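A.B. asks: Assemble the whole structure, with the sequences as input and the hints as a guide.
The sequence shown begins at 12 in this note's numbering and counts up one residue at a time.
These are computed hints drawn from the structure, not numbers from a lab.
Mixed in with the good hints, there may be bad ones.
Said to hold, decoys possible - Dumping the calculated EDC-like pairs for lysine to aspartate or glutamate here, alpha-carbon to alpha-carbon at most 20 Å: (1) K155 to E208; (2) K58 to D77; (3) K155 to D216; (4) K58 to E79; (5) K58 to E83; (6) K155 to E124; (7) K155 to E237; (8) K155 to E191; (9) K58 to E86; (10) K58 to E237; (11) K58 to E78; (12) K155 to D129; (13) K58 to E208; (14) K155 to D235.
A quick note: this is a predicted structure, and the numbers were derived from the prediction, not measured.
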Amino acid sequence: MRIVSLCPSLTELVFDLGLGDDLVGITRYCVHPAERVGAIESVGGTKDPEVERILELRPDLVLMNDEENRLEDAEALTAGGVRLHTSMPRTVEETAAMVRSIAAALGAEAPGEAIAGDIERRAARVREEAAGRPRVPFAYLIWKGPWMAAGEDTFASGLLEMAGGVNVLRGRTDRYPTFETEALASLRPELVLLGSEPYPFAAQDSAALARVLGLPPQRVVLADGEYLSWHGSRTPDGIDHAAQLIEAARS
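C.D. replies: Here it is, written out as structure tokens:
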């Protein structure tokens, strides 16, 4: 099978399903597994794929994500006769279902079931551990200039809430709300997480923001954006990462 993946997490999933050799095109943002993606042709970015080149590659299936990729590109590929698999999971349950769906489309049901089952088992354990414990008000920041955070209707927020957090930006209708630091301080988060992507927050950002918000430095910490935002085979470890972040705040 000839596969093109236009989403980094789905590229990684294809490899973990054992079908990396079937990939004939990926985006320039597909960086995992690092030792293998360099051998695959880049067909542009997630928001600006080279549609004509993808059609020339004659893929049997193109994997897309409804948030990462654009509708117009999906429509252009469909018009060119390409079969698409599109997804946008917001929860771990939807992620497990997505893994099973992609695995079935690629004829890799057994490894897909192993990954999906691991997601479900770890999620059940983390929910059980969080049950009845104090919830931790948090904000998960993904950008600055302007400041931007993950709202409640996002995968990252869902992971952290499952682990026992509560998003202080609950109730906002925008999925990635912008805000001023004074407004964030007024929401009284006990934990502020700075993701490693899409904005590459660093230790100096954590220290500076802690001062602005009037929080102890250990309450403004760096988080792995790939673990908290990538859906697929990285999700089991993402579940554990979310739980570790929330537990550290409790401690």
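A.B. asks: May I ask which of the numbered hints given earlier this structure violates, with the numbers listed in increasing order?
C.D. replies: Structure breaks hints 6 and 12.
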